Structures are given as C-alpha cells and as structure tokens.
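Taken in sequence, the protein lines are chains A and B.
Using my numbering, you'd call the opening residue of the first sequence number 1 and step up by one each time.
Using my numbering, you'd call the opening residue of the second sequence number 1 and step up by one each time.
I should point out that these hints are in silico values taken from the structure, not numbers from a laboratory.
Please note that a few of the clues may not be correct.
To be verified - Here are the computed lysine-lysine pairs in the DSSO-like style, where the Cα-Cα straight-line distance is at most 27 Å:
| # | chain 1 | residue 1 | chain 2 | residue 2 |
| --- | --- | --- | --- | --- |
| 1 | A | K83 | B | K105 |
| 2 | A | K47 | A | K144 |
| 3 | A | K77 | A | K143 |
| 4 | A | K175 | A | K235 |
| 5 | A | K118 | A | K144 |
| 6 | A | K47 | B | K51 |
| 7 | A | K163 | A | K144 |
| 8 | B | K268 | A | K67 |
| 9 | B | K51 | A | K118 |
| 10 | A | K114 | A | K67 |
| 11 | A | K193 | A | K77 |
| 12 | B | K105 | A | K47 |
| 13 | A | K163 | A | K77 |
| 14 | A | K47 | A | K77 |
| 15 | A | K67 | A | K83 |
Since the model is a prediction, treat every value here as computed from it, not as a measurement.
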Amino acid sequence: MRFFDSHVHMVSRTTDDYQRMAAAGVAALIEPSFWQGQPRTEPGSFKDYFNSLVGFERFRASQFGIKHYCTIGLNPKEANNEKLADAVMELLPLYICKEGVVGIGEIGFDDQTKAEEKYLRIQAEMALEADLPIQIHTPHRDKKTGTIRTMDVLEDVGVDPRKVIIDHNNEETVKSVLDRGYWAAFTIYPHTKLGNERMIEIMREYGAERIVVDSSADWGISDPLAVPKTAALMKEAGIPLEEIEQVTYHNPLNAYGQSGQVQESDWEAAEGIDPTALFAGNTLLRGGQDIQKAMGSDDLVIR
Amino acid sequence: MVSPFLRDLLGRSAAAESMNWLDDEMAAMRADFNQRRFYFAFSGVSRRFDKHVSVATTEADRPELEKLCEGFSVTGWDEFRLARVILLTVLSEQPDSVYQETLEKVLGSADLREQVAIFSALPLLPEPGFLLGLAREGSRTNIVDVFDAIALGNPFPAAHFPEEAWNQLVLKSLFISRPLYRMQGIDERANATLAEALSNLAHERWAAGRYVSPELWRSCANFLTDTIVSDIERVATSDEPGQREAAALVTASDSENRLAHLRELLAKQLDAVRSGDLTWDSLGEMLATAS
Ligand SMILES: [Zn+2]
Chain A
1 MRFFDSHVHM
11 VSRTTDDYQR
21 MAAAGVAALI
31 EPSFWQGQPR
41 TEPGSFKDYF
51 NSLVGFERFR
61 ASQFGIKHYC
71 TIGLNPKEAN
81 NEKLADAVME
91 LLPLYICKEG
101 VVGIGEIGFD
111 DQTKAEEKYL
121 RIQAEMALEA
131 DLPIQIHTPH
141 RDKKTGTIRT
151 MDVLEDVGVD
161 PRKVIIDHNN
171 EETVKSVLDR
181 GYWAAFTIYP
191 HTKLGNERMI
201 EIMREYGAER
211 IVVDSSADWG
221 ISDPLAVPKT
231 AALMKEAGIP
241 LEEIEQVTYH
251 NPLNAYGQSG
261 QVQESDWEAA
271 EGIDPTALFA
281 GNTLLRGGQD
291 IQKAMGSDDL
301 VIR
Chain B
1 MVSPFLRDLL
11 GRSAAAESMN
21 WLDDEMAAMR
31 ADFNQRRFYF
41 AFSGVSRRFD
51 KHVSVATTEA
61 DRPELEKLCE
71 GFSVTGWDEF
81 RLARVILLTV
91 LSEQPDSVYQ
101 ETLEKVLGSA
111 DLREQVAIFS
121 ALPLLPEPGF
131 LLGLAREGSR
141 TNIVDVFDAI
151 ALGNPFPAAH
161 FPEEAWNQLV
171 LKSLFISRPL
181 YRMQGIDERA
191 NATLAEALSN
201 LAHERWAAGR
211 YVSPELWRSC
221 ANFLTDTIVS
231 DIERVATSDE
241 PGQREAAALV
251 TASDSENRLA
261 HLRELLAKQL
271 DAVRSGDLTW
281 DSLGEMLATA
291 S
C-alpha cells in the first residue's frame, strides 16, 4: 500500500524515520509550517525556516524516495507576538506561490486571542488571493469552541470549505466540521491527541468521505509511522480496503491537489533515488545502502 | 529592457494561455509595479509553464541571442527558467532602488529553480556592480545546478568577476567536476596566477592518486613556467582519455617552443589540432559525453 501523510514535521525527524516511512509505503508527505517548540524572536528565523521547507528538507526526503510538499504560514502560537507576526505577513507572499507549496498552514487558534484571529483572517485572505487550500490547526484546549470559531472566521472571509482541511479533530468536533462541508483530518498521536483505535470507531460512524488520517509527528513523542500503522489496524478491524486507501492516500491527495502543486504522477514518474546527489555539500546516503523494511515488530496500536 | 525575442522563444513551446498570463503580468508590472504581485508571478511561473519542456531554441537563434548580450545562451533551459528571466528583465525597468530591493528579497527566499533563473538572468540585467556581489555569493553554493547557472554558459563572470573571483570560479569548477569548456571566456580570462594555482591543484591531486581533468591545462597554455612544462611532459605520456590531447593542445599554442621536444610523441594529436578536429572545446565535449 502507498500512503500520503499530509501532516508531518520532518525537520524534527531523523533519517531513520525517513527510512522507516519509505519502507512502510509513505510515498509523499506534507510538512506544515509550525512553531518549533521554542518561540522565534526574529523574522529572519522564519525566512530560514521557510527556506529549509522548500529547500533542504525537500531534498532530504527525495534521498529516501519520498516526495515532500509543504504548507506555509504563521502558526497561532507565534501570532501573539504582533510585531513579529507583521514581519512574517510581509514574508509570506514570497513563499506561498512556490512550486510544491500546497496550501497556507498550519494556521488557526491556540489560546483563541484577538491577535490569533487577526492573523488567521489575514492568512485566509491570502489563501483566497493565491487560490490555495488552507490547513487548519485546531486548539488543544477548548477544542470544540475553537473549531467552530475557526469555521466562522473562514466563512466570514469567504473561503470555500471544500478548500479547507481542518486538522486534529476528535469525536467532539468531527460532526460539525463534516456538516459544514470541510475536510476533517485526524492526527494519530500518542498520549495527547487521538489513538488509532478511536479512529476506527470514528470511521465506523462517519465512513471515509472527506476524512483524512495523518501523523503530525514532530519534535515531541510521536510516531512517523502512524498512518501506515493505523491503516494496518483498520484492515485487522475489517474496515474495507477502499475506505482505508481513501483516508490514508486519496483524500489528502485530492484535498491538497486543489493547489495544482501535487499530483500522483510526481512520485509515480520519479526516477528512484540518486545516492550521490548533493545539496549544499551534504550527502545523506552512501552507495550500497538499502532502505530496510523497518516496521517489523512494532505494535500497531497507538494510544 | 525585455526582449520581444525571448518572449517569442518561450511562446514556441508554451501554451497560448500561459503566454497571455505572462503578457498580463508584464503589462501590470509596467503600469503599476507591486512587489507582492511580482513575487506571486515569479514563483507562480511554476503553475503556468512546464519544467519538463526545454526551450525550443536552435542554432539559427544565435544572432538574436548575441544581440541581447555577447555569449548569451539559453541552451538546455526549461520553460520555468526562461519565463522567470523574462520577468526579471521587466523588473529591472523599475527604478534602481525598487529593482535591487526586490531582486535581493526574491533571491533570499528562492528555491532551487528560482535561484537558477536569477543567476541565468545576470547578463541581461543592469547594475553589474550590484549583481557582482550576488553572483560571487551565489558561486559559493554547493548546489550543482545553481553553480552551473553562474559558471557555465553564462557570460557574466568573464565580463565582471575580478581576477581572484574568476580564478576561484575556475578552480571550483574543477573541484566539482564541471565541464570547463562551457565556461564563457575561459581562454580570455586565463592568467599567470590561475595557471600556477591550477598546476598546484594538479600536483595535489596526483600526490593523492586522484584524477586530474585534461581541461585543467587549458588556462595554463599561455603561461608556461618550468613547472608547467614538466607537468605537460607528464600529461603527454598519460594513457587516460584526453590527457595526450590536452598536452597536444598546449604544445600547439606554445609560441616559445618550450614544448618542442614533445612534438614527435604527440604527432598524431598535433595533426588533429592542425586539421581542426581537436580543439579545447571538442576535447571538453568528448570528456563530458564520456563521463
Ligand atoms: Zn503540526
């Protein structure tokens, strides 16, 4: 099976992760712009971060045969530093129309402050202007209110729900998100977000239409194999194969494919891995290395 | 000034719809320049053109290209590259401060293909003094495609790089195994300091048992020292492809007869030089296709 993990922060992951993801069938992924665990204090840090998303990280993924796309945006946490946020708003137009940028994201609410709403609006307007999908981060605290408020703001700006992927859903938010016409993404993330056994129950209730499963693996305790593992668990649980493929591959591809910046032929036509390729003098693989089957004995259940 | 010729060249392969979009963007830039719209257009070339399609240029285009800038070439360019170069030439019609600030911002955030386009545009853009800094910084890259956009098939370095920068460019080309025959002005910019540095590089590589490209000697041909004479003696007896040919080319241009003693050994290769079958360019091409 092939997978498309539409939310994973690879700058925080190792080459082992890339190897295991490739071996497990992850053909393509999207790296959303997010905060990096520690607030940035200068606009230049964002510029270099965005440069790495369209530059070195893309190259690094290609060395493992994985196609790397990204979304560009200012995350809600750092939107609360208004001076910095304004400078980032000036930077965004330099990046959002680039090749392989499949949306504005991840944006939304964290503390649900006025500043967060201000930059959510500005960025939603930018997405309209550039005709790009939007990737929404929903808050950890007071998630239901925050999710509804996000949709209200987006609709007020005039964004088409079909071009918005709302992420980090749970049992409490999924109904209203689907009812209002959005894509509903679910992050399989140990401990703090959603375990994959719960995901199966959600699929049983809501089916596969406009549902997306991703890993959101980042610098925290998380699992870059969450998508393939969840697919395997779904299979064991008797979810039809067609539905599994929809939520782990076709749906994210169709949702972000609306950018015109990602299509299946990008990886189906790819010419394999060139182990001698260099990026800024760095080479990651040496001749003779094989990407090994890596999922091995890992338990499929993520709680 | 943007050249109608470049626009038409792009139109040979690109869809009419894409060309209309480009025309609209150019018109908008001229009517009322807006930085943000330029960023969208420059990056957005990727949404309108095809990176897998090469620009449909032929030898017959050479006179038109030469008119734009001596030595300017679009051989091997894809549509993205030419479309972006055209937009950059329109940007350069803006007042210097707007042109320079915008170009620096775009370069500072450029992805790989965008960097390639910016450096490819250098020979067509004004203010070479300002561009020189960008080009020198750019040539420090280790991304081969970006380096090639500056060093190969681009007349800008030969025209504007000071000697020490030119010499570094040639040395780096050799270090990363780039085909020197594609460097514009490689013969005109040869100098004694470079010749000595190249000879030192050859000695270093020989000592380490590494390959020395026959093209290295091209910039030494007119700056023979005792050391270089003995280097060529060594090259003349090598069995590696192209080495004797390089020695013959140096010998053929040796007006002081310091290499006369090699003429018998290299008789066959010297015949090829005389008949025009062997030149530095043909040697470079042969090595490039062999590798
Ligand atoms: Zn995230």
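These are the hints, each one checked on the structure:
1. A:K83 x B:K105: 20 Å, holds
2. A:K47 x A:K144: Given that 27 Å is the threshold and the Cα spacing comes to 33 Å, the pair is violated.
3. A:K77 x A:K143: 15 Å, holds
4. A:K175 x A:K235: 24 Å, holds
5. A:K118 x A:K144: With a Cα-Cα distance of about 20 Å, the restraint between K118 of chain A and K144 of chain A holds, given a limit of 27 Å.
6. A:K47 x B:K51: 25 Å, holds
7. A:K163 x A:K144: 21 Å, holds
8. B:K268 x A:K67: 52 Å, violated
9. B:K51 x A:K118: 37 Å, violated
10. A:K114 x A:K67: Roughly 37 Å separates the two Cα atoms, so the pair is violated.
11. A:K193 x A:K77: 18 Å, holds
12. B:K105 x A:K47: 10 Å, holds
13. A:K163 x A:K77: Judged against 27 Å, a Cα distance of about 23 Å means the pair holds.
14. A:K47 x A:K77: 17 Å, holds
15. A:K67 x A:K83: Outside the cut-off at roughly 35 Å; violated.
Violation of the numbered hints given earlier is confined to hints 2, 8, 9, 10 and 15; the remaining hints are satisfied by the structure.
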